[in-house]
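*Asks:* Here are the chains, one letter per residue:
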Amino acid sequence: MPPAIRPADVPRIRTVLKVYRVSAIVTGGFLLLLCLMMVFRYGFGVDIELGGPFGFLALQPKELIEAVNLSTLILIVHGWLYVVYLGCDFLLWRMTRWSFGRFLFIALGGIVPLLSFFFEFRVPRWVRERVEAAE
Amino acid sequence: MASGFWAVARRPRWIAALLLCLGIAAGFAALGQWQLERSVDNAQVAEAPDTEAAVPLSSIADPQTAVTPAQLGRTVTVEPGELVAGDFVVVTDRNNGGTEQGAVLVGHLVTADGITLAVALGWAPDAETALAAAGTPSWAGPVTGRYLPSEPPSSSDFEAGRRSAISVAELINIWPDATPAYGGYLNLESTWPGLEPIFSPEPDREVSLNVLNVFYAIEWVIFAGFAIYLWYRLVRDVVEREAEEAAVE
Chain A
1 MPPAIRPADV PRIRTVLKVY RVSAIVTGGF LLLLCLMMVF RYGFGVDIEL GGPFGFLALQ
61 PKELIEAVNL STLILIVHGW LYVVYLGCDF LLWRMTRWSF GRFLFIALGG IVPLLSFFFE
121 FRVPRWVRER VEAAE
Chain B
1 MASGFWAVAR RPRWIAALLL CLGIAAGFAA LGQWQLERSV DNAQVAEAPD TEAAVPLSSI
61 ADPQTAVTPA QLGRTVTVEP GELVAGDFVV VTDRNNGGTE QGAVLVGHLV TADGITLAVA
121 LGWAPDAETA LAAAGTPSWA GPVTGRYLPS EPPSSSDFEA GRRSAISVAE LINIWPDATP
181 AYGGYLNLES TWPGLEPIFS PEPDREVSLN VLNVFYAIEW VIFAGFAIYL WYRLVRDVVE
241 REAEEAAVE
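These protein sequence lines map, in sequence, to chains A and B. Quick note: the working numbering has the first sequence finishing at residue 135, numbered continuously throughout. Quick note: the working numbering has the second sequence finishing at residue 249, numbered continuously throughout.
Please note: incorrect hints may appear among the correct ones.
Here are the computed distance ranges between Cβ atoms for each label pair [claimed, not checked]:
1) A:PRO53 x B:ALA26: 43 to 49 Å
2) B:ARG11 x A:PHE44: 52 to 58 Å
3) B:PRO56 x A:GLU66: 33 to 39 Å
4) B:GLU52 x A:PHE44: 39 to 45 Å
5) B:PHE5 x A:VAL83: 27 to 33 Å
6) B:ASN210 x A:CYS35: 23 to 29 Å
7) A:THR15 x B:ALA26: 32 to 38 Å
8) B:ASN95 x A:PRO61: 31 to 37 Å
9) A:LEU36 x B:ILE222: 24 to 30 Å
10) A:PHE117 x B:GLU52: 56 to 62 Å
11) A:SER99 x B:ILE15: 17 to 23 Å
12) B:PHE215 x A:VAL68: 17 to 23 Å
13) A:PHE44 x B:ILE222: 30 to 36 Å
By construction, these hints were calculated from the structure, which means they are not laboratory data. For clarity, every value in this text was computed on a predicted model and none was experimentally measured. Every residue, glycine too, gets a C-beta built ideally from N, C-alpha and C.
Construct all of the structure, not just a fragment, from the sequences and the given hints.
*Replies:* The following block contains the structure:
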């Protein structure tokens, strides 16, 4: 039986949980875009160009891109979103005092495609169990 | 009796965990260093040669090849053979470092080795003046200038019957006997009679840090610190749990 959560943490847990759910959806969405971009970059040798001479979105070899390289942008944005996602995961783990394994499992949500969408509805249930156990 | 922090931390299990965390932190630090190296590597495409010290063109470039980044903008000397008399070409819509559009006179130089090299001889405010300056040079000894890449010709110019790019490929088609030829052209350094010397600045060598890689390097250092903190937190958890259990008993 893990140690009980502190009653004072419950409002904070709810706030972090809200941020976590949003970040799970946004990070998960960008992870799918990242997969798409990886297929283009390493499968077909092209990046996605935004607002270049060949239309709003165009596929171009990386060296020939003049406007915004959307592929690299996706890579960077996903990286920082994942940092936010991990931060929420860490705070939830600290306050709900669930196992370290679960912390690592939730962390996988930013790396394994679609997993974070599952966590988006599963994690609130885990949190509720812990909060109810405390009350 | 609950154990203190160090009593728990000294247990073999948590020493092993600490070693693991230190290993991970070292790995993260190495990744950070790699990012830092990349941030400098990306900035320098090649070992930048001194573009201002004159070297013989034949020692750095081969005919029939495009200009490489290492050759671009270098000051070179060429042993002249002759400028082909009928092959002068005027290229228009050229500014000379200012805002005024003028014309550049381009000559067909055949080097002492028999290789064609396009040479931009000088600039004039209008095409007539530029063309009037065509003639036989009084060159004694090697000719010095900056070696620049061929410019892409534009199709709109072609349709309008103009020529505004110094395109070696295009010039070779105009000149009756022009092979083999160097892939770039020469901006003549000395003053050609009747023309202004061509504005020929030292090429920009951008040496800027890649900020993105620097940020990633910082991120890895933070992650490395976090790995150590995680170990500390996990040990604290055990200490607190044992304290709570002791209190219950």
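*Asks:* Next, verify each hint and record whether it holds.
*Replies:* Results for each hint:
no.	hint	in the structure
1	A:PRO53 x B:ALA26: 43 to 49 Å	47 Å, holds
2	B:ARG11 x A:PHE44: 52 to 58 Å	53 Å, holds
3	B:PRO56 x A:GLU66: 33 to 39 Å	36 Å, holds
4	B:GLU52 x A:PHE44: 39 to 45 Å	43 Å, holds
5	B:PHE5 x A:VAL83: 27 to 33 Å	29 Å, holds
6	B:ASN210 x A:CYS35: 23 to 29 Å	25 Å, holds
7	A:THR15 x B:ALA26: 32 to 38 Å	35 Å, holds
8	B:ASN95 x A:PRO61: 31 to 37 Å	32 Å, holds
9	A:LEU36 x B:ILE222: 24 to 30 Å	29 Å, holds
10	A:PHE117 x B:GLU52: 56 to 62 Å	60 Å, holds
11	A:SER99 x B:ILE15: 17 to 23 Å	21 Å, holds
12	B:PHE215 x A:VAL68: 17 to 23 Å	19 Å, holds
13	A:PHE44 x B:ILE222: 30 to 36 Å	35 Å, holds
The structure agrees with every numbered hint stated previously.
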